[in-house]
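Participant: Protein chains in written order, with this note's numbering: chain E, 1 to 263; chain P, 1 to 263; chain X, 1 to 263; chain Z, 1 to 263.
Take these hints with a grain of salt, some might be off.
Copies of the same chain look alike in the list, so a pair counts if it works inside one copy or between any two.
[Unchecked claim] Dumping the calculated SDA-like pairs for lysine to any residue here, alpha-carbon to alpha-carbon at most 20 angstroms:
1) LYS150 x MET1
2) LYS150 x ARG118
3) LYS150 x SER79
4) LYS150 x GLY111
5) LYS150 x LEU122
6) LYS177 x ASP159
7) LYS177 x GLY15
8) LYS150 x ASN80
9) LYS150 x SER199
10) LYS177 x HIS245
11) LYS177 x GLU135
12) LYS150 x VAL84
13) LYS177 x GLU76
14) LYS150 x THR72
15) LYS177 x ARG166
16) LYS177 x SER112
17) LYS150 x ALA110
18) LYS150 x THR178
19) LYS177 x GLN154
20) LYS177 x VAL214
Calculated from the structure, these hints are not laboratory results.
Protein chains: 4
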Amino acid sequence: MTTTQSTLVQLDNYGPWTVTPEPRREMDLQTLQSRLFADIAQFIGGRGGYVFHTRFDNMIAVTNGINREAHTTLQESISNRYPVTISLGVDIAETPADALQGATEQIQAAGSAQDENRTEVLAGEFLDGRSVDQEPVHIAHFDVNDATGKYTDQLNEFDSFIQIERSYASLMEYMRKTHGALSFFVGGDNMIAVCPELSAEAYQDAIDNVERDVGVELKVGVGRDSTAHKAGIAAKHALEACRSHGTTVEFSEPPVSTSDDYR
Amino acid sequence: MTTTQSTLVQLDNYGPWTVTPEPRREMDLQTLQSRLFADIAQFIGGRGGYVFHTRFDNMIAVTNGINREAHTTLQESISNRYPVTISLGVDIAETPADALQGATEQIQAAGSAQDENRTEVLAGEFLDGRSVDQEPVHIAHFDVNDATGKYTDQLNEFDSFIQIERSYASLMEYMRKTHGALSFFVGGDNMIAVCPELSAEAYQDAIDNVERDVGVELKVGVGRDSTAHKAGIAAKHALEACRSHGTTVEFSEPPVSTSDDYR
Amino acid sequence: MTTTQSTLVQLDNYGPWTVTPEPRREMDLQTLQSRLFADIAQFIGGRGGYVFHTRFDNMIAVTNGINREAHTTLQESISNRYPVTISLGVDIAETPADALQGATEQIQAAGSAQDENRTEVLAGEFLDGRSVDQEPVHIAHFDVNDATGKYTDQLNEFDSFIQIERSYASLMEYMRKTHGALSFFVGGDNMIAVCPELSAEAYQDAIDNVERDVGVELKVGVGRDSTAHKAGIAAKHALEACRSHGTTVEFSEPPVSTSDDYR
Amino acid sequence: MTTTQSTLVQLDNYGPWTVTPEPRREMDLQTLQSRLFADIAQFIGGRGGYVFHTRFDNMIAVTNGINREAHTTLQESISNRYPVTISLGVDIAETPADALQGATEQIQAAGSAQDENRTEVLAGEFLDGRSVDQEPVHIAHFDVNDATGKYTDQLNEFDSFIQIERSYASLMEYMRKTHGALSFFVGGDNMIAVCPELSAEAYQDAIDNVERDVGVELKVGVGRDSTAHKAGIAAKHALEACRSHGTTVEFSEPPVSTSDDYR
């Protein structure tokens, strides 16, 4: 069984800020958003978690092993260095979708994303100190078979992107509806899904569905461990196994037990 | 008539690098990709251009007004500060898709994206010194009507993202096929399209098509000027006009003539 | 009594890299150095430590409360994202200078700073798990009295800088020789010293010495706590007390006990 | 003869901001300052200029070839992405010190550095369009002879830093008083001076003075060109010539004429 601690990072009242007093330079907004995401990725990643940029003004994180105090430090550090602030909602559940549902509700309960009086919410439930499963986080790392040969080196870049985007749109909807898994495009031809416990058949079905739907062939490596980082590294190794064996679905070996202490 | 100078930014042999000698920490890759994009956005944005992260290992830019020497400086600066290098292909055409096609071919002709001996290509045609149209760049800035009220404040963040993602997938394919326009998701509920000359009816048709296709309501402001930045700022003002007038498509006023010198 | 855990961060073979194959653009080197320092400041600062840029190719950190695993993660993350790597030497001692001496020797023992075969050293002693003093870290935060009124608003900026630089040069040498304390210029008119246990008289003597030596008047707030961050925040509050009381040396109140867990 | 265009970058009301409403985390301030400097270094460096961090809340730039519009873009971009804003004073003179004097006065005339109502000043004289000397900018790049062998590999890092700091303090005061040159420590054992026209004897005297004063041996390469970047690269090559010839002062060859266009 899986147990996901999910954190929703939401920029406070960001939309109005981008056009006040005048619409701001788009490349400055892009820079601000990307660097803010990068800083949060370093903070959460250095503590064993994963965060995805999603819509940039709302980012979704898997934060097993990261406690309330660290969340407070992140929130304070962002407000010290950026012209915007962040709210953080946190929750725990078996499936990633349920955890995110709870995390989102924590923030929604405090006010609208565009309520200028709602700033720096920090609310929700943390796994701190509770005993949990041995391998609470499952990460599936998908990529496209021979994307460079079939798309990047053949089509113009936008048409290559359309192929990848289609496969992502198909996969994200299927995994969300069928399994309560959350899938993210992470660049190139890579997609990472945070999943509940799923069989090899379930992963094969997901891949078959994308191929039927949009004609793009995927493969997947799956890792399971105590944190997103550890499960994710295991997933990457499993994906390398797909490459060397010519297989479509590979699971990582059970993890070697190591210390979880990232402090 | 429009004239787009498009630059394709392609990371050299990036896929293999991410797994050599072992798969690298995903949050480090996310940080690297986001900051590289942010730096390129600052470089190009400060000279009046626009760049979009697209797949992060391939980024698409509109570079009217940015010459070969600046491209060389960008390439050198990235190689001085990052563990990866970039190739740049550049071309000019009436439609954005044709310009990108030429830009992509410049890089493809020099070798595969995963050819380890192909590094720091800089090839193609620049607009330098040629007389061009008064308003060669057209930028359309779309957003979703009341995305905060309908999605962000109501659904869990992933389900909000699915709505936005669907509308983006629909718009990008329609604009590409129908008009040779290139559309990019830029965060929140915003999409920016680099377009050829299009009528108000053509924009209304695009919006109607997305609503029929996926049920999401968009509006759009359109700007036209000598650079992507100037056209983009005009588009943002036009989008504000949609908001205050309750309209769906607005064009900016003709631009006031000002100096183009960003040096 | 104090117990300092000090980490020396040394860029591997950096000097030769800056001129290979040709001398690199200075502004790219400045950018690289500053951002590398900023990233290390975020990593160490988010875990309760302090790091100072010193010579940028060698940075000095106070890392009480930060263990070996975190050091490993930092080293890996830098090598994933920069074109240079870092070596880390760590040691513990009563005085900051002795701790740094040991930390430096750990790296020197592994080879020269310009030995191209010596990369990513991680060596030394950590405080992990050992019982330590209640307030092992003492931080003194100095600033210049009315630097804005006397210098910034009166002189050209270089001449203002000369005044601050003189006071820093005087203070750093005095504190090093007299007390084994390490003092760093941190911008504006601020200097932060990592100190052993010192009396109010000792701090007053240091200030008097600087005034006699170079004619610049300082004041200082001193904080003591389990980590550099906590001691440093206490020192800042003490410095605010100097400002409001018109005094020259202030010690913070004993810290309220709180959890140290930054994980 | 030289002609320096100097820009003073001053953070608006920064000191009070760092302690309002409470003193902010020092590592966040260090991160903010370093990244702000890095961004300005990229902006100015990509246009052929040099900027030095000096006190971080005040930065000194050499901006020959960078016009008013670019300064406006920089100011806007910083205010879009940081929680602080910058004022810019600009002036032209034969010696760097005189240019900076004028640049500083432009900002001082608009109000105190800690006047909360004085924000985003942009004032002064630019070289735009004026005919200037062929080689208006002279850059001298100094380093310490065998700093790695004598200091870095022998002493603890703070004691190495003391040696470098002493040589910098000595050089910066001598060059300022004797020649109106502005010298900056740029990391490692490197110092860069922006100079008026000086003979080889004058540079030798400066080096001799530092050795007499603090016992540290320097050497210097001098470059002359139309921009700080070009003169600086020439200076670096001249310093390499010192290394290979075992000499103390080298001037670069006259520059090959190339386009100045960085736009």
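Participant: Compare the structure with each hint and give your call.
Facilitator: Here is how each hint holds up against the structure:
no.: 1; hint: LYS150 x MET1; in the structure: neither (38 angstroms within a copy, 34 angstroms between copies)
no.: 2; hint: LYS150 x ARG118; in the structure: between (48 angstroms within a copy, 18 angstroms between copies)
no.: 3; hint: LYS150 x SER79; in the structure: neither (44 angstroms within a copy, 28 angstroms between copies)
no.: 4; hint: LYS150 x GLY111; in the structure: between (47 angstroms within a copy, 14 angstroms between copies)
no.: 5; hint: LYS150 x LEU122; in the structure: neither (46 angstroms within a copy, 23 angstroms between copies)
no.: 6; hint: LYS177 x ASP159; in the structure: between (27 angstroms within a copy, 10 angstroms between copies)
no.: 7; hint: LYS177 x GLY15; in the structure: neither (29 angstroms within a copy, 30 angstroms between copies)
no.: 8; hint: LYS150 x ASN80; in the structure: neither (46 angstroms within a copy, 28 angstroms between copies)
no.: 9; hint: LYS150 x SER199; in the structure: neither (29 angstroms within a copy, 35 angstroms between copies)
no.: 10; hint: LYS177 x HIS245; in the structure: neither (30 angstroms within a copy, 38 angstroms between copies)
no.: 11; hint: LYS177 x GLU135; in the structure: neither (23 angstroms within a copy, 46 angstroms between copies)
no.: 12; hint: LYS150 x VAL84; in the structure: neither (42 angstroms within a copy, 23 angstroms between copies)
no.: 13; hint: LYS177 x GLU76; in the structure: neither (36 angstroms within a copy, 37 angstroms between copies)
no.: 14; hint: LYS150 x THR72; in the structure: neither (46 angstroms within a copy, 29 angstroms between copies)
no.: 15; hint: LYS177 x ARG166; in the structure: both (17 angstroms within a copy, 15 angstroms between copies)
no.: 16; hint: LYS177 x SER112; in the structure: neither (26 angstroms within a copy, 37 angstroms between copies)
no.: 17; hint: LYS150 x ALA110; in the structure: between (48 angstroms within a copy, 17 angstroms between copies)
no.: 18; hint: LYS150 x THR178; in the structure: neither (29 angstroms within a copy, 24 angstroms between copies)
no.: 19; hint: LYS177 x GLN154; in the structure: between (33 angstroms within a copy, 18 angstroms between copies)
no.: 20; hint: LYS177 x VAL214; in the structure: both (17 angstroms within a copy, 17 angstroms between copies)
Going down the numbered hints, you'll see the structure goes against 1, 3, 5, 7, 8, 9, 10, 11, 12, 13, 14, 16 and 18, while the others check out.
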